[in-house]
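**Q** Sequences listed follow chains A and B, in order.
First residue of the first sequence: 1, per the numbering used here; consecutive thereafter.
First residue of the second sequence: 1, per the numbering used here; consecutive thereafter.
Mixed in with the good hints there might be a few duds.
[Claimed, not checked] Selected chain B positions facing chain A (Cβ under 7 Å, derived; list incomplete):
| id | residue |
| --- | --- |
| 1 | V87 |
| 2 | D95 |
| 3 | L108 |
[What the hints assert, rightly or not] Here chain B is said to cover these stretches of chain A; the calculated rule only asks that three of the stretch's residues, wherever they fall, bring their Cβ under 8 Å from a Cβ of chain B:
| id | segment |
| --- | --- |
| 4 | 39-53 |
| 5 | 56-67 |
| 6 | 96-109 |
Hint data in this document are derived by calculation from the structure and do not stem from the laboratory.
From the three backbone atoms N, C-alpha and C, an ideal C-beta is built for every residue, glycine too.
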Amino acid sequence: MTTPRRSIKSTIMLGAVVLSAGAALVVPSAASATSNSGELPARLQRACLRIPNLETRTDNLIARLNGDASTKGSLLWLQAQIDDATAKGRTQLATVLTNRLAVRTQTLQVLTQRQTRLTKLADLCRAHGVDV
Amino acid sequence: MVRRDHLRSTAMMIATLAVAAGLASCGSSDAGGTTVPSVPAVTQPATTPAPTTTAPTVTVPATTAAQETTTASTPPATDVATTTAEVADLEKQLDEIDQLLAGVDADLSQD
């Protein structure tokens, strides 16, 4: 007589345990969803606020690379250095500078593309309500 | 005996419902907690870069100038659905540009 009662009790207990486990799974997931919803806008705003400085730095570097022969670091300035080294017979230096000019020419193209991308990212931020 | 059988079947039903509730809660938490990236991650080599377009999933900018001034000190309310993947992609692109600028600065310092 005691065995069926114990079986019923144990089944009820098992049901209670499983129910508790289900509730325990729900509570942490709801908490994480709440923290995510609060964190994401702040994270987006922080990322967007980086854009203006990156735009300024990019603009300055593009202007410098596009500068005239008197602007140190510009493509024309570097070409003048190459010409000078070549005229003086410093072939190794001229080769190094020529290689550097090739890299810098590509750099200018990359910077121009990144400038365009930054503009699009700023537009995206504004679309999300962040004033950039 | 009939009463006991009835009690037993009731207990089994409670247990089954409890298991079902537990499984349902798992499914709902997965659906709500994880965000599926709506924009594929952009990985580009530094030598052959191309501008990427990160299109927002929904574009409904409805903030007015008056609202912006009132919420200037607090994080703005995003009217557009922003996913974690989108923000992560934005951060990644900004990091990449930051590194590029640092590299160019270092290159120019050689002159």
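**Q** Which hints, by number, does the structure contradict?
**A** 2
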